[in-house]
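Put chain B on the given structure of chain A with help from the hints.
The listed protein sequences correspond, in order, to chains A and B. Residues are numbered in our numbering as their position in the first sequence, beginning at 1, plus a constant of 11. Residues are numbered in our numbering as their position in the second sequence, beginning at 1, plus a constant of 207.
Bear in mind the hints are in silico, worked out from the structure with no lab data behind them. C-beta: ideal position from N, C-alpha, C; glycine also. Please note: incorrect hints may appear among the correct ones.
[To be verified] Derived lysine-lysine pairs resembling DSSO-like cross-links, with alpha carbons at most 30 Å apart: (1) B:Lys514 x A:Lys22; (2) A:Lys29 x B:Lys514; (3) A:Lys71 x A:Lys22; (4) A:Lys71 x B:Lys219; (5) A:Lys71 x A:Lys29.
[Stated by the list, open to error] Simulated restraints on C-beta separations: (6) B:Ser358 x A:Gly102: 51 to 59 Å; (7) A:Asp67 x B:Pro561: 39 to 47 Å; (8) B:Asp456 x A:Arg48: 51 to 59 Å; (9) A:Phe80 x B:Ser534: 21 to 29 Å; (10) A:Pro91 x B:Ser534: 46 to 54 Å; (11) B:Trp299 x A:Pro91: 33 to 41 Å; (12) A:Gln84 x B:Ser534: 30 to 38 Å; (13) A:Arg48 x B:Ala291: 20 to 28 Å; (14) B:Gly495 x A:Pro91: 33 to 41 Å; (15) B:His405 x A:Pro91: 44 to 52 Å; (16) A:Phe80 x B:His305: 29 to 37 Å; (17) A:Asp92 x B:Pro561: 37 to 45 Å; (18) B:Arg232 x A:Arg38: 42 to 50 Å.
[As the list claims (entries may be wrong)] Partial pick of chain B residues on the chain A-facing surface, computed with a CB cut under 7 Å: (19) Gly265; (20) Ala289; (21) Tyr290; (22) Trp442.
The residues making up each chain are set out below.
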Amino acid sequence: MTGAAMSVRVKLPAHLRKLAQVDGEVRLDVPAPVTQRSVLDALEARHPVLRGTIRDHATKRRRAFVRFFACEQDLSHEEPDAELPAEVAAGREPLLVVGAMAGG
Amino acid sequence: MTGVRVLVGTRKGAFVLTADGTRERWEVQGPHFAGWEIYHVAGSPADPDRLYASQSGGWFGQLVQRSDDGGATWEPVGNEFAYAGVPGTHQWYDGTPHPWEFARVWHLEPSATDPDTVLAGVEDAALFRSTDGGASWQELRGLREHGSGSSWQPGAGGMCLHTIVVDPRDPARMHVAISAAGVFRTEDDGASWEPANHGLRSEGIPDEDAEVGHCVHHIAMHPDRPDTLYMQKHWDVMRSDDGGTHWYDIGEGLPTDFGFPIEVHAHDPDTVYVVPITSDSVHFPPDGRLRVYRSRSGGNEWEPLTKGLPQEHCYVNVLRDAMAVDSLDTCGVYFGTTGGQVYASPDAGETWAPIVSNLPAVLSVQVQTLR
Chain A
12 MTGAAMSVRV KLPAHLRKLA QVDGEVRLDV PAPVTQRSVL DALEARHPVL RGTIRDHATK
72 RRRAFVRFFA CEQDLSHEEP DAELPAEVAA GREPLLVVGA MAGG
Chain B
208 MTGVRVLVGT RKGAFVLTAD GTRERWEVQG PHFAGWEIYH VAGSPADPDR LYASQSGGWF
268 GQLVQRSDDG GATWEPVGNE FAYAGVPGTH QWYDGTPHPW EFARVWHLEP SATDPDTVLA
328 GVEDAALFRS TDGGASWQEL RGLREHGSGS SWQPGAGGMC LHTIVVDPRD PARMHVAISA
388 AGVFRTEDDG ASWEPANHGL RSEGIPDEDA EVGHCVHHIA MHPDRPDTLY MQKHWDVMRS
448 DDGGTHWYDI GEGLPTDFGF PIEVHAHDPD TVYVVPITSD SVHFPPDGRL RVYRSRSGGN
508 EWEPLTKGLP QEHCYVNVLR DAMAVDSLDT CGVYFGTTGG QVYASPDAGE TWAPIVSNLP
568 AVLSVQVQTL R
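Just chain A, with the same shape it has in the complex (with noise of 0.2 Å):
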């Protein structure tokens, strides 16, 4: 499905709940299809500030220990433009933006 908006829920890790300075989810309109990259352009042009921090300038990759989940599944390594589950792009579940388990 193309064209239509989909109201999608995002929800950041604290450091960047706080960089956005937003409380709980992040409610986002994407344009269909729902992907990680329309996801996250919805994000970034919402909250600017958000930019480098999740993916890449540049490139737009996922910095690496950023994680995507959704659904009890770990989305990270799906491609950019691939669909995210009917959950996520109904607007059910968030998808959840994690800063992966490393030390310090």
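Chain B in isolation, oriented as in the chain A frame:
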């Protein structure tokens, strides 16, 4: 009111320490950016309320924060550090070619005259400049492309441009230092660069007196004598009297000539401070005694400064950007440790006391003298 503001970057946030001219009672503000690595916080000489901070972390990369009220409030500005053109490769630890990749900003150097102009030294080594208060950054690509770049190798801390020294007579003249490539200088505002490492000898490289490849840890200059440069190298404390054309060893008399920071007294170009560290593999002070060494003769003789500093069981390090001076009538000297102490001496090093004792590991200390 006369006073000082000490800007402290740590592994887990930034702190702003302020005192009046007596430097006896301190107000501690922070942590700002809790949980993030703050490699450097720097104030604009042209507007002391304008501060810049380098905020980074393994998860979410690099941000630059700006304050217009002396550190009370901050706003994120531009964080895109794109190398100009096709960046090519440098040497990796194992000697293989490795593509240039931006990792973080190590050092921020605000302009002496324009609060909106600031230089940034980054890893992988390159020099960037913003002229719009940090909103956007442009690489001074002549440094990375000057010819030897493909042979540069990272030090243990990464291949970082960590020191920027601007000539107060002419800001188009600059020296930068890169680990582990060495010192480079420009006289045309960064368009062209040349290595300035003649006289350096380093045992850890195949050609001990090579033109590039030296692990310079820090360089310092007094604004009244800009052609004299002092250097703390991986091993060796060095001096140049001709703007880096030739260097000579001034480490005689130190318990060890390994260390990271080096600073010059605010009012006396011949008075220099270092913090000797045991060795390249033992990053704490010799004998567990934290001693600052001062030379009042430009490096001819050195004396230990110990009053108020721990003289037993002290196993901290002092990193390259973690020492600074103020310019009050009696020059204050400050340094931070990897154990989270920030020590201050209001009398040019004679006596010391901790301002704070339990911060996260200190990465950088910068001082603003407020008048």
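Quiz prompt | Given pair status - lysine 22 of chain A, lysine 71 of chain A, alpha carbons within 30 Å | solution = With a Cα-Cα distance of about 19 Å, the restraint between lysine 71 of chain A and lysine 22 of chain A holds, given a limit of 30 Å.
Quiz item: Taking the beta carbons of histidine 405 of chain B and proline 91 of chain A, is their distance inside 44 to 52 Å?
Solution: holds (50 Å)
Practice problem: Note whether the CB distance of aspartate 92 of chain A and proline 561 of chain B lies within 37 to 45 Å or breaks it. | Solution: The hint (37 to 45 Å, Cβ to Cβ) is violated, given that aspartate 92 of chain A and proline 561 of chain B are roughly 55 Å apart.
Quiz item: lysine 71 of chain A and lysine 29 of chain A: Cα distance at most 30 Å?
Solution: holds (22 Å)
Self-check item: serine 534 of chain B and phenylalanine 80 of chain A - C-beta distance against the hinted 21 to 29 Å
Solution: violated (53 Å)
Quiz item: Is the hinted pair lysine 29 of chain A and lysine 514 of chain B satisfied, with a Cα-Cα distance of at most 30 Å?
Solution: Between lysine 29 of chain A and lysine 514 of chain B the Cα gap is close to 43 Å, so the pair fails against 30 Å, i.e. violated.
Quiz item: Should the hint that tryptophan 299 of chain B and proline 91 of chain A are 33 to 41 Å apart at their CB atoms be regarded as holding?
Solution: violated (28 Å)
Quiz item: Can the suggested window of 42 to 50 Å be confirmed for the beta-carbon pair arginine 232 of chain B and arginine 38 of chain A?
Solution: holds (49 Å)
Quiz prompt | Range agreement (Cβ of serine 534 of chain B with Cβ of proline 91 of chain A, hint 46 to 54 Å) | solution = Since proline 91 of chain A and serine 534 of chain B have Cβ atoms about 52 Å apart, the given range 46 to 54 Å holds.
Quiz item: Is lysine 71 of chain A close enough to lysine 219 of chain B, meaning Cα to Cα at most 30 Å?
Solution: At roughly 27 Å apart (the allowed maximum being 30 Å), lysine 219 of chain B and lysine 71 of chain A satisfy the hint.
Exercise. For the range 51 to 59 Å, tell me whether the beta carbons of aspartate 456 of chain B and arginine 48 of chain A fit it or not.
Key: holds (56 Å)
Quiz prompt | chain A contact restraint for alanine 289 of chain B - C-beta distance below 7 Å | solution = For alanine 289 of chain B, the interface hint holds, since the closest Cβ of chain A sits about 6 Å away, which is under 7 Å.
Checked against the numbered hints above, the structure breaks hints 1, 2, 9, 11, 12, 14, 17, 21 and 22 and satisfies the rest.
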